[in-house]
Amino acid sequence: MSRINEEQVKYVADLARLSFTDEEIKTFTTQLDDIIGFAEQLNALDTEGIEPTTHVLDMYNVMRDDVVEPSLPREEALKNAPLQEEGQVKVPLIMEAD
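full-length UniProt numbering numbers the first residue of the sequence shown as 1 and each following residue consecutively.
Derived by calculation from the structure, the hints in this document are not laboratory data. One or more of the hints may lead you astray.
Claimed, not checked - Computed Cβ-Cβ distance ranges for the label pairs, DEER-style:
1) Met-59 x Met-95: 30 to 36 angstroms
2) Lys-10 x Met-95: 17 to 23 angstroms
3) Leu-15 x Asp-65: 36 to 42 angstroms
The structure displayed is predicted, hence computed values, not measured ones. Yeah, the Cβ is synthetic: ideal placement off N, Cα and C, and Gly gets one too.
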């Protein structure tokens, strides 16, 4: 029994604005079904008494203290920007308006 179908793969691809051939959709559907099947096998394991973890190793962030410092003057920050508008860096449009 398939846990995911081609229509679901196409739907997610559309949400991500990805375009795939019919052959790629079939391949991804099979691969994603295999991944879901593996996750279901993991769900069958007895994890009673096992503390949840996010990583197998103890991890921590080494961060400096957040100290307010003077920033660059606006003119200095913008001097290498190829496009500027009203004291801001102007960048190309990357998202379409609906």
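Tested hints:
1. Taken as a hint, the range 30 to 36 angstroms holds for the pair Met-59 and Met-95, whose Cβ atoms sit roughly 34 angstroms apart.
2. Between Lys-10 and Met-95 the beta carbons are some 22 angstroms apart, a value that agrees with the proposed interval 17 to 23 angstroms.
3. Between Leu-15 and Asp-65 the Cβ separation comes to about 40 angstroms, which falls inside the hinted range of 36 to 42 angstroms.
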